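Trainee: All chains, please: the whole structure from these sequences, using the hints.
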Amino acid sequence: MDTGDTAWVLASAALVLLMTPGLALFYGGMVRAKSVLNMMMMSFGALALISVLWVLYGYSMAFGNDVGGGLLGDPTEFFGLSSLLGTEGIDKGFAATNLVFTIPSLAFVAFQAVFAIITVALISGAIADRAKFGAWLVFAGVWATIVYFPVAHWVFAFDGAESETGGWIANNLLAIDFAGGTAVHINAGAAGLALAFVLGRRTGWRRDPMRPHNLPLVMIGAGLLWFGWFGFNAGSALSANGQAAEVWVTTMAATGAAALGWLLVEKMRDGHATSLGAASGVVAGLVAITPSGSSVTPLGAIAIGLLAGVFCALAVGLKFTFGFDDSLDVVGVHLVGGLWGTLAVGLFASAASTAGVDGLFYGGGMDQLWRQAVGAFAVLAFSLVMTLLIGFAIQKTMGFRLDEEDEVEGIDGVEHAESAYDFATTGGAGRSLTGGGPLPTTQSNAEARGVNA
Amino acid sequence: MKLVTAVVKPHKWEEVREALETFGVTGMTVSEVSGYGRQKGHTEVYRGAEYDIALVPKIRIEIVVDDADADDVVGIIAKTAQTGRIGDGKIWVVPVESAIRVRTGDRDEAAL
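Those protein sequences? They're chains A and B, same order as listed.
To convert, note that position 219 of the first sequence is 219 in this note's numbering; the numbers rise steadily by one, no gaps.
To convert, note that position 16 of the second sequence is 16 in this note's numbering; the numbers rise steadily by one, no gaps.
Errors might be hidden in some of the hints.
Simulated restraints, written as ranges between beta carbons of each label pair [what the hints assert, rightly or not]: (1) T26/B <-> P216/A: 35 to 43 Å; (2) Y36/B <-> T321/A: 43 to 51 Å; (3) G35/B <-> G413/A: 25 to 33 Å; (4) G413/A <-> E44/B: 24 to 32 Å; (5) D406/A <-> T22/B: 33 to 41 Å.
Capping the alpha-carbon separation at 27 Å, the derived lysine-lysine pairs in DSSO-like fashion look like this [stated by the list, open to error]: (6) K2/B <-> K34/A; (7) K40/B <-> K12/B; (8) K79/B <-> K40/B; (9) K2/B <-> K267/A; (10) K90/B <-> K2/B; (11) K9/B <-> K90/B.
FYI, nobody ran anything at the bench for these hints, they're computed from the structure.
Fair warning: this is a prediction, and the values are worked out from it, not measured in the lab.
C-beta atoms are modelled at their ideal positions from N, C-alpha and C, and glycine is treated no differently.
Mentor: Here it is in structure tokens:
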């Protein structure tokens, strides 16, 4: 066990956890004031639910011994994680007896848990303003179980690391996906596309103004994502070493370039460089460098980032061309950015970087590119099909989509009985129904408002 | 008594207030409002999606004044709020039947 590596991975896990509240702000600011709480609750719901499922069987399904074909880990192997406990006692500094490379297995469990959480939370951007909260939680649990956990096994489970045998993309296909361009971004992006079809367009889409209600929230959220992403990418080295430093720098370079690329497109196309464009470009660049951070030079990272900003800025218009309401552009940013970053490994990879592979532009021929393409499209197809099945099953049974009347009134009030903002000095002309002893009129007031009637 | 209502550009409001205070107007009611006139709205673009924003933010000033002061107050507002560009706003005057100062019960002119 290496204490330096362990410290870095635990710190990185905490950084990545902060990305999901960051995502809640990023998404929350982009919706209208009447649905910001529900938007944020979808991220917080994923945080709560996936934390529990990961401990129960999620980690085991992703990193347990392969049950065949590199498709799935054994859900019983690490069920409840008790089998990973065990240290050498206080006199030896509680050094873990179960290791993944040089870190305690439970540090690896923690680091991978927050990846599962944010992947689920990312999908929620496609279904803003119109999904029943209970149905979202059911979806989140089922989707994590039969889509994310298996795909994480395909991509992140290396033979002999957590268990004897791992997943097919990591060990047989040998596609390079350093921190989750396929398992996280293509996966969530394809799921977002599928759910946008299952739930249908928001009432009034393309007719009513649906502009972001609070861009400073979006900027804060993008900032937190940016910050946390250094744990996501550089932490994926699973060691405090030169590779972590290399990936930190490629992550910085690609992100800056992507923000510039997005703003350039906006300036030329729309006439103004916008704050939403800057925030979106940041995320597009982070997505694209996620799979490629360890395999390209810093200059290669600038090229990947710049093109990611341009591609994603152009891709967010596709929903209007094809008529699907991917409300907050999960497809345009995460699917397109994830595909680009994953394929870019096959183009820009340089053997000078720690992955040690040359891509097409560095004389490596097509070998790595086709591996990248197979990995990317396999995850895309699996996620798209499975999400359609899960989504329609939920829609047919418990109902996924909010009633139109409730949606128009605002999902925050209907699903959570809260309002995000109360600026009125008169307290919204209401009165407290709780505490301070019963007043003679309390009961009739409550009845009049339909509360606890 | 007259009720003078003025809708002006937000960045002109401080200037208007100072001019009215200098003239001797001691109080007013001010609200942040939105609306549009001949200039209509403006266009905003979010991730490439264009929105026509019909309502423009404005400041509404309401002042109850003596009949004799009404023309001067209107003139001051019109002069200070003017930029000469479209969207400078409107001012209108209506008669007021009575007024009461809540603290003292003073009525009409004495309440202003």
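Trainee: Now tell me, hint by hint, if it's right for this structure.
Mentor: Status of the hints after comparison with the structure:
For the pair T26/B and P216/A, the beta carbons lie near 37 Å from each other, so the given range of 35 to 43 Å is met. In this structure, Y36/B and T321/A break the distance hint of 43 to 51 Å, their C-beta atoms being roughly 31 Å apart. Between G35/B and G413/A the CB atoms are about 27 Å apart, so this pair conforms to the stated range of 25 to 33 Å. Checked against the hint of 24 to 32 Å, the C-beta distance between G413/A and E44/B comes to roughly 26 Å, which is consistent with it.
For the pair D406/A and T22/B, the beta carbons lie near 53 Å from each other, so the given range of 33 to 41 Å is not met. Restraint check: the Cα-Cα separation between K2/B and K34/A comes to about 40 Å, which exceeds 27 Å; the hinted pair is violated. Of the pairs offered as hints, the one joining K40/B and K12/B holds, with about 19 Å between alpha carbons and a cut-off of 27 Å not exceeded. Simply put, K79/B and K40/B have alpha-carbon atoms about 23 Å apart, close enough for the 27 Å limit, and the pair holds.
Of the supplied pair hints, the one linking K2/B and K267/A is violated, its CA atoms being roughly 50 Å apart against a limit of 27 Å. Taking the CA atoms of K90/B and K2/B, the gap is near 16 Å; set against the 27 Å cutoff, the hint holds. Straight-line distance between C-alpha atoms of K9/B and K90/B comes to about 10 Å, which keeps the hinted pair within the 27 Å bound.
Checked against the numbered hints given earlier, this structure breaks hints 2, 5, 6, 9; the rest are met.
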